[in-house]
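*Asks:* 12 is the number of the first residue of the sequence shown in our numbering; add one for each residue after it.
Since the hints were made in silico from the structure, they are not lab data. Keep in mind that the hints are not guaranteed to be accurate.
With a straight-line Cα cutoff of 20 angstroms, these simulated DMTMM-like cross-link-like pairs (lysine to aspartate or glutamate) come out [said to hold, decoys possible]: (1) K148 - E137; (2) K369 - E218; (3) K148 - E123; (4) K369 - E137; (5) K369 - E123; (6) K148 - D125; (7) K345 - E373.
If you anchor each label on the Cβ, the simulated ranges turn out as follows [as the list claims (entries may be wrong)]: (8) R389 - A40: 25 to 35 angstroms; (9) A223 - V52: 33 to 43 angstroms; (10) P386 - G146: 43 to 53 angstroms; (11) G352 - D53: 38 to 48 angstroms.
All of these numbers come straight from a predicted model, not from anything done at the bench. All C-beta atoms in this analysis are idealised placements derived from N, C-alpha and C, irrespective of residue type, glycine included.
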Amino acid sequence: MTGADYLLPFRTKLRSMRTESFGADPAGARMERIRRSPHFVDGVFQNPVGARTRPSGSTVEFAKIYFHKEQRARRTPTGTVPVHATTLADLAAPPATGLRLTWMGHSSVLAEIDGRRILFDPVWGERCSPFPFAGPKRLHPTPLSLAALGPVDVVVISHDHYDHLDLPTIRALAGTDTVFAVPLGVGAHLERWGVPPSRMRELDWNETATVAGISLTATPARHFCGRGLRNQQHTLWASWAVTGPEHRIYHSGDTGYFPGFRDIGAEHGPFDATMIQIGAYSEYWPDIHMTPAEGMLAHLDLQGGRPHGVLLPIHWGTFNLAPHPWAEPGEWTKDVGEEAGQAVAFPRPGEPFEPAGKLPAEAWWRAVSQPIAHPWRRPRGAESVAETSRGDMDLAGER
12 MTGADYLLPF RTKLRSMRTE SFGADPAGAR MERIRRSPHF VDGVFQNPVG ARTRPSGSTV
72 EFAKIYFHKE QRARRTPTGT VPVHATTLAD LAAPPATGLR LTWMGHSSVL AEIDGRRILF
132 DPVWGERCSP FPFAGPKRLH PTPLSLAALG PVDVVVISHD HYDHLDLPTI RALAGTDTVF
192 AVPLGVGAHL ERWGVPPSRM RELDWNETAT VAGISLTATP ARHFCGRGLR NQQHTLWASW
252 AVTGPEHRIY HSGDTGYFPG FRDIGAEHGP FDATMIQIGA YSEYWPDIHM TPAEGMLAHL
312 DLQGGRPHGV LLPIHWGTFN LAPHPWAEPG EWTKDVGEEA GQAVAFPRPG EPFEPAGKLP
372 AEAWWRAVSQ PIAHPWRRPR GAESVAETSR GDMDLAGER
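Given only the sequences and the hints, what does the whole structure look like? Please build it.
*Replies:* Given below as structure tokens:
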């Protein structure tokens, strides 16, 4: 290091140490567009409802829970997760009903809708981390390789966290002809990784792009962004409403519960299927991830307040990201689905299903899970999920 190096601004030094995995900060015309967004206030993107984005409570108490030996054992499967064995063969024929979903694990879903193929939040990497040697490691293999997946019309990204935006996956897809639909600002990462701007549709909330006859609308979510310690909140996060000639689907990305689900449903629903985040929740970050009960409320809101369509639980089972037991999201979702009278699909990773056909319903996780307590179960006669008063939910934001 020369003497002149010490004169460099600290921010410039930090930027020079960032590896490619960290992505890129928006700049130039992209940053000017961000500044014009009605959702960009006081130099940062704002949530539709106030939300704490940093863990609450005692860090010491959280560490005791997170690193406790017995608790850590409950956060991983006891055996091999049963990945569907015939994904490639099952995808060879088009869906008979015009809509088929294949959960690849975590939030990655291949949606075949009205003759088009849309890939949501594809993460094929071994770790959701900027480093190949550290960070949460995959708990089951991908059901099939990206190359075997075949052509994809659109790749949809919900936000830029590592478990949703994966450098090796994007780099592989950048070499194809696919179009990328991303929230405002996220295009800076993709451009650094080799995706040409001509193949990007970078959207603010409530903006729509049409690709191959399919409409993709970036809809609000209650979350945050960032790929490093210095988080400027300069990239937007979004959920997605997707409309084809015959079908409608919704992908929540990551989000806390908020009343805006009703508005999204009124504008873009009802949906034939929703893909709803129901894992990686915690009392330490209640505003930015949903519990399964909140995920069910969100689905019902999106469907006009009544059971309709099919709910596919996502954001669970693949990475260990929260203190709850590994299989608890599946078990809890099964309970609230039955309580609400709502159809829920429980596919193994890689198991395609058609929402209008027979749904995978087996609780497959029980064979590789420690016994799960059910603290969410209410006494008989308690009000149902569908009747839970949303006024009782704390949406106060910063507290």
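*Asks:* State for each hint whether it applies.
*Replies:* Results of checking the hints against the structure:
no.	hint	result
1	K148 - E137	holds (6 angstroms)
2	K369 - E218	violated (34 angstroms)
3	K148 - E123	violated (28 angstroms)
4	K369 - E137	violated (32 angstroms)
5	K369 - E123	holds (16 angstroms)
6	K148 - D125	violated (35 angstroms)
7	K345 - E373	holds (10 angstroms)
8	R389 - A40: 25 to 35 angstroms	violated (53 angstroms)
9	A223 - V52: 33 to 43 angstroms	holds (35 angstroms)
10	P386 - G146: 43 to 53 angstroms	violated (29 angstroms)
11	G352 - D53: 38 to 48 angstroms	holds (44 angstroms)
The structure fails to meet hints 2, 3, 4, 6, 8, 10 from the earlier list, while all remaining hints are met.
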